[in-house]
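Q: Just so we're aligned: 583 in the numbering used here is position 210 of the sequence shown, and the numbers increase by one with no gaps anywhere.
Worth flagging that the hints you see were computed from the coordinates, not collected in a lab.
Please read all numbers here as calculations on a predicted model, not as lab measurements.
Glycine included, C-beta positions come from ideal geometry on N, C-alpha and C.
Not one of these hints is a red herring.
Listed next, with one range per pair, are the computed distances between beta-carbon atoms:
#, residue 1, residue 2, range
1, Lys541, Asp422, 15 to 25 Å
2, Thr595, Ser642, 52 to 62 Å
3, Asp573, Gln652, 29 to 39 Å
4, Gln596, Glu627, 24 to 34 Å
5, Glu428, Asn592, 37 to 47 Å
6, Ile632, Gln596, 41 to 51 Å
7, Tyr628, Pro425, 23 to 33 Å
8, Gln596, Gln442, 48 to 58 Å
9, Gln442, Val500, 22 to 32 Å
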Amino acid sequence: MEKIYDIIIIGGGPAGYTSALYASRAGFDTLVIERMSVGGQMALTDIIDNYPGFEEGVDGFTLGMKMQQGAERFGAATEYADVNSIDVSDKIKKVETSNGVFLAKVIIIATGANPRELGLENEKSLVGRGVHYCAHCDGRFYKDKTVVVVGGGNSAASDALYLSNIAKKVYLVHRRNTLRATKIYHEPLMKCENIEFLWDSAIASIIAENRVSGVEIKNLKTQKTENIDCDGLFVSIGRQPATEFLKGVIDLDEYGYIIADESTKTNISGVFAVGDVRQKALRQVVTAVSDGAVAVHFAEEYLQNFS
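Could you put together the complete structure from these sequences and hints?
A: Okay, structure coming up:
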């Protein structure tokens, strides 16, 4: 007879393992399915300074491992596999993976969102060595230094303002001649003396040996290029939620994020969405772990009435 878990959690980042901690501690038979390694995007962050309880900061990989160990202490299990699809048409839900099919009464989706990349040749190899995707995570390394922010939406505008309080100089590179960001950002950006706008421009290449030392900027109207010296490059061109396998199964918004409010409930009874994968105002480790606790609260309510 196939094993039926009380709760299966798809994704082993902070939202996933907080869900696993709360679920297993409450006595539920819990399985976490993670495709690669513990911690998700958090594991790529050298130092996390804004997670409470670590007065000297903590590296993302270590924090992820501690979260996993905390959940497994209460009996949560981990399966390393790719999730191909889920079937939520019946009360007993199916998760089809590269290691077979797993069954559960409740599914919590914690697959996160990946930063969109520029697609430049050496971009991946320079992540953590001058290339970053989260100003609030890594901005502190650039006190009194020069940084470049790429993008024109709310994320880029927010990142540029945040970095302007830390860095000596901030270049904001945008493909158009006006920001897509909401009006509330425009005046503070224009008034900021250490922010310089490079309109109608894109990053043609990253200049680096062991770490970033500059970028080549291409003006998209004139096709002219120029090199700018900088210490760091922050890519703020949006995120891509990991929800491809959910299309047609769970309600998604126009950007691919799962439609779920602060209750973490989706449109499918017994299916919850936590962390960066769902619609939310702030995507940080602390908001992800909050989602995990909330999801299990409502999952417990659901399971009490399960028959």
